[in-house]
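Chain Z is fixed; fit chain L onto it per the hints.
These are the residues of each chain, in order.
Protein chains: 2
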Amino acid sequence: MDRIVECIPNFSEGKRKEVIDQIVGEIKKVKGVKLLDVESDADHNRSVVTFIGEPEAAAEAAFLATKKASELIDLNLHRGEHPRIGATDVMPFVPISNVTMKECVELARNVGKRIADELKIPVYLYEAAALKPECTNLADIRKGEYECLKNEIGTNPARKPDYGPAKLHPTAGATVVGAREPLIAFNVNLATNDMEIAKKIAKAVRFSSGGLKCVKAKGFELKNRGIVQVSMNLTNYRETPVYKAYEMVKSEAERCNVKIIGCEIIGLVPLDAIADVANFYLKLENFKNEQILEKRLWE
Amino acid sequence: MDRIVECIPNFSEGKRKEVIDQIVGEIKKVKGVKLLDVESDADHNRSVVTFIGEPEAAAEAAFLATKKASELIDLNLHRGEHPRIGATDVMPFVPISNVTMKECVELARNVGKRIADELKIPVYLYEAAALKPECTNLADIRKGEYECLKNEIGTNPARKPDYGPAKLHPTAGATVVGAREPLIAFNVNLATNDMEIAKKIAKAVRFSSGGLKCVKAKGFELKNRGIVQVSMNLTNYRETPVYKAYEMVKSEAERCNVKIIGCEIIGLVPLDAIADVANFYLKLENFKNEQILEKRLWE
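Chains as they are written, first to last, in this note's numbering: chain Z, 1 to 299; chain L, 1 to 299.
Same shape as in the complex, but just chain Z (with noise of 0.2 angstroms):
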């Protein structure tokens, strides 16, 4: 495989097994698609798939997981606690390598394209392949959800989907489709109970209140280690790398005499990401990540 992006789908049934294998089964069936995860929660009865694979198979694999999931899943019957308004509720692209931004935003408006056209489900596009700014941010395209958006797709002019019908599918609702960077989880552990000192630091360092620009952080408890943690999600790890918010917080630590234990990326991260954090810490002059042995298998 040369040119990778990742698909993250998410599928509003977390509990009926047979219904996940079947989706999943689609994908899998794509030749230059590799499944990496399926993680169903009963509770939010919700699936979240995370598959990658070649721009092309890629697109396949989505678009033949969205058609079975509509075929499956009935949302007037669908309970749960995460927020949902389809059967595939929102499914981002991720360029992993080879493939810009830009690449991903095509395939992503292009399996949109597809998905209203063919199973006349209305596509809403988001983040990066978002067509109208008020569209970017996933939470306002979902509020008040299925029940809600129901109602008023057809009468409210600002619920007008991108792409299909303005009139829900009867079973599948709407899905959301868009591009992203890969997010990034990152945790630094304190060596304190104290959750003030973690939510201080989570302030300085999150954009919202004037941190660093792609990074979300919040103050969390373990409290079965007895310490606290500033918890990250890293938006865009090539803006805003990995060691940039691990100096900050450290930084932010010192200044409260507290000292970090360690550090934790939770789930999967780049190759990129990785090699630029080793880049930064041995001040590495003229490195290519194409230097590294591992990246030649895909080109």
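Calculated from the structure, these hints are not laboratory results. One or more of the hints may lead you astray.
A pair counts as met if it fits within one copy or between any two copies, since identical chains are not told apart.
[To be verified] Here are the simulated PhoX-like pairs of lysine-lysine, each with C-alpha atoms no more than 20 angstroms apart in a straight line:
(1) K199 to K218
(2) K283 to K250
(3) K28 to K295
(4) K259 to K200
(5) K283 to K259
(6) K143 to K167
(7) K34 to K295
(8) K283 to K244
Relative to the frame of chain Z, chain L by itself:
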């Protein structure tokens, strides 16, 4: 590709492009093998070829290239600055991903045996694949080169090959096959033009004078930049990671009151070596390199 070894055969031909092309052609035609690099040096009259592949495929490519080299290169006519004893002079196998050193040793011995049996070329095993302790070192095996070995191989018991006849191949000489860890060429540039300082730090960090186990180091002058460098070969990054070499140079440089300008990694570097650096500086807890997204592609 799931299991990956790297093979870096050195051929005693650095001038006749058509000869090099034919040898490399044998490697290219094997399925499951990927050619990474061909570097030919006319003064050395030698070419260094780098390829990776699944173990079985890499073994096949290594044998075929050795066969072709034995048909096209005549050591009796070969002149060059670099020491050599054979058409295929030396051929290390290196474990890269999901392959143990033990498996690489076995692979090297199998290829060596096949070269001896089918091509009637005497084979010496070196480094991790060595059968005799006095044969671990390449320089010892190559002592006196082709011209001297021609006489000694049949008369000096210490120079008896591990496989094949105690008589050089009439044109292809002998071949050294082995297994070793990946080499990392890692240089630290210092903010001084004082060669004595570079030499002093090199001496402090290298194994031979009491430093780190898997580090070779020497002082080096970068004339056009007006600075000096500690130039290192890291012979086993699993035992002595890159950051350890860096931190030791840094601490010695501080002692000399000299700043580090930057570092260089020359050529290829395994992903795990880079991930280890990030792991250390971010103090990661429980991070597994399998969390690197791209690694999942080879599962």
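Structure-based check of each hint:
no. : hint         : verdict
1   : K199 to K218 : within (6 angstroms within a copy, 49 angstroms between copies)
2   : K283 to K250 : both (19 angstroms within a copy, 12 angstroms between copies)
3   : K28 to K295  : between (24 angstroms within a copy, 18 angstroms between copies)
4   : K259 to K200 : within (15 angstroms within a copy, 35 angstroms between copies)
5   : K283 to K259 : between (24 angstroms within a copy, 12 angstroms between copies)
6   : K143 to K167 : within (16 angstroms within a copy, 83 angstroms between copies)
7   : K34 to K295  : both (17 angstroms within a copy, 12 angstroms between copies)
8   : K283 to K244 : both (14 angstroms within a copy, 14 angstroms between copies)
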